[in-house]
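Assemble the complex: chain A is given as a structure, and chain B must be docked to it using the hints.
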Amino acid sequence: MTRAVGAGALGRRLFALTMTLLAAGLGSFILLPLLALFTHGGPLSLLRGLGHPVALPALWLSLATTVTALVIVVIGGTPLAWHLARTSGRLSRWLETTLQLPMVMPPSVAGIALLLAFGRQGVLGTPLHSLGWSFAFSSMAVVMAQVFVSSPFYLQAALVAFRRLDANLLAVARSFGASPARIFFAVALPLARPALLAGAATAWARALGEFGATLMFAGNVAGKTQTLPLAIYAALETDLRAAQTLSVLLVLIAFALLLAVRGRATVVGRSSPLEKARS
Amino acid sequence: MTESSVPARLSATVEKTLGKLHLSAHLHVGRELLTIIGPNGSGKTSLLLSLLGLWRPDRGRIVLDNRVLFDSNVPLDCPTEQRGFAYVPQDQALFPHLSALANVEFALTCRQPGLCRAERRHHAFGFLDRMDAASLASRPPASLSGGERQRVAIARALAAHPKALLCDEPFSALSPNVRAEVRGRLAECAEALAVPTLLVTHDRTDVAALAGRVAVMEMGQIVACGSFDELSADPPTPYVTHFVGSG
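Protein chains in written order, with this note's numbering: chain A, 1 to 279; chain B, 1001 to 1247.
Excised from the complex, chain B in its bound form:
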């Protein structure tokens, strides 16, 4: 459903029945930022969790960078820690017992265990700096504002050197000004990282600002995919009509 004009780095077919929801999504994402929108309960988070390997699909196949992560026919189910994603949940999930810098160092050493302490700190500072969060390095998460926490969370996800970035409503708790700033930073970093980036949002301004493809999920399926302008010009469902007109 989400055929990209560029070769797919992430390709997934996921089917899973979760109570009343029957998730049946087909996804092809290149080195791009794909925004996923949809009403509550449409299966957006379930799709991300299935890609991450935290929920096992009933049927399907997930391929990232030509590596099969999941295939119900083989069967093959690669553990979450070996899939190569980085996950940014809605609540940021910063480790509360670690400083901002130590949070980034944690992610850094997961995929680069050989780094010495000095290198680790140097790189971690670099990732924080990219998100304009270097001054927060020594602060514990509890002392950070929502926007600061989100900047650290994104820096930490980038430090994990992901092959794909999965963000579940990362800006939902932020004020409009902070939201725009953090969104801009994330878009810059995602472009520099050049990996498939999936971003779930409920916000029209996010979709309009993140000039990329938009996938619409309803009732567990991706029912439409296109640019924001295309979806605005010809809304495929009543939800999209309401969504594009909500700003």
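With the rest of the complex left out, here is chain A:
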């Protein structure tokens, strides 16, 4: 009896120890590089890195292009997600899956896809170029790359939020005579807002970190297409301190966005037997 109790206690301790060691192993692996990023060289070295000529232009370009991309993603993505959430056909399911592809696509593939679509010899790029419009290797190309890679994150969050809206709320509003626009603006949007904000923050963070597609589609021209991730890549060859400073900046911004997401990630709505009644 005593031996059985002792074996049980030993098993529990062994389990707790194994779990702790595994958790500590992965946790340390993630935290150590972040710690090194913030502590290597000391705070003065980090501040001096801000004086590197590419630092501030890259920071401003990143902020300007990502905010522009975010506005485009939210303005276009919200109605797209609303439409997809309220349709259940095979075509819409196929479209939804396809629109999620940039999320799992390697950035280099995204860059090639953008070049083939909007480059000077691309599907849409050729006729646009003949009209005098050229996107590739411009600040607009940076925005386009960011929109392409970040929109699935917002779309996914918005789709989930709209699908989780209680269908009874929408049915009741419709029965009262509320127009589709009123239902969207007065019922759906306010209820989905926390999830939409969380999705927007995630999409913004993804756009800020965008590197591969931007490099291939927009190039790496200082002051024009060189965003923070590209500036880090460029500075790495000449000034590790500047690269480290810019990396810290990126991590801080991403961390702030992540905190905002965690604060806002409230699931709104609940399922309802009236799901099928949506139209």
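Please keep in mind that the hints were generated in silico from the structure rather than gathered at the bench. Think of the CB as a built atom: it goes at the ideal place given N, C-alpha and C, for glycine as much as any other residue. Do not rely on the hints blindly, as some may be mistaken.
Computed footprint of chain B on chain A, listed as stretches where at least three residues anywhere in the stretch have a Cβ under 8 Å from a Cβ of chain B [as the list claims (entries may be wrong)]: (1) 156-170; (2) 178-192.
What follows is a list of derived Cβ distance ranges for each label pair [unchecked claim]: (3) B:Pro1096 / A:Met103: 51 to 61 Å; (4) A:Pro127 / B:His1022: 50 to 60 Å; (5) A:Ser88 / B:Pro1096: 22 to 32 Å.
Relative to the frame of chain A, chain B by itself:
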């Protein structure tokens, strides 16, 4: 099947196959409160959703106040928002981001968009007061009890100035005392509103208290219609026998 002695304001023939259920209901309702009873899965909610336009019938015709809302022969299918109903679902479906007053104002402005803010608030208070819920005006739905939420939901439905009121088990989550009180209020308001009112319930006391016609739905069809006393005196189906004896 549900011929009323008064001229029908709402007349509907609805046929729809939903999985195993074949809904085939004929309904004629005057300015009265018609209670619909029936076992689970008999098609009561499906009938309401078809009337609302949330489920499209395979065949049929729905006419409300001499206006054709749906006709599979034409074909004509008026959108839900233009049908003129007000729907009170089982879970009340109050907008959680709006106060009780704002919920009523929402319904009010759907069919009276020209009201100024002061008029809107005045009328909304009036509807809440009719349901003895004026003191709840500033409260969010999450802070209301089941009975309070139901009173606000009914006030909101009345504020939509419906041509017909559709209530799907509105008292099911209420305690017996609150249920009797809210039921009484709804009956008063429905009488004052004088529009066809369809009320789905599973509760014998609701049917006995709401002295009006009762339609019995089974297997997607309205198999009997009459007063509670008539149905009690001569139950047309085993379900009705069980139902009238359940109290």
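Tested hints:
Taking a C-beta to C-beta cut-off of 8 Å, the segment 156-170 of chain A contributes 3 residues in contact with chain B, enough for the three needed, and the coverage statement holds. Evaluation of the coverage hint for the segment 178-192 of chain A: fulfilled, as 8 residues show C-beta separations to chain B shorter than 8 Å, against a requirement of three. Between B:Pro1096 and A:Met103 the C-beta distance comes to about 31 Å, which lies outside the given range of 51 to 61 Å. Here the CB-CB span from A:Pro127 to B:His1022 is close to 55 Å, well matched to the stated 50 to 60 Å.
Here the CB-CB span from A:Ser88 to B:Pro1096 is close to 25 Å, well matched to the stated 22 to 32 Å.
Hint check: a violation occurs at hint 3 only; the rest are consistent with the structure.
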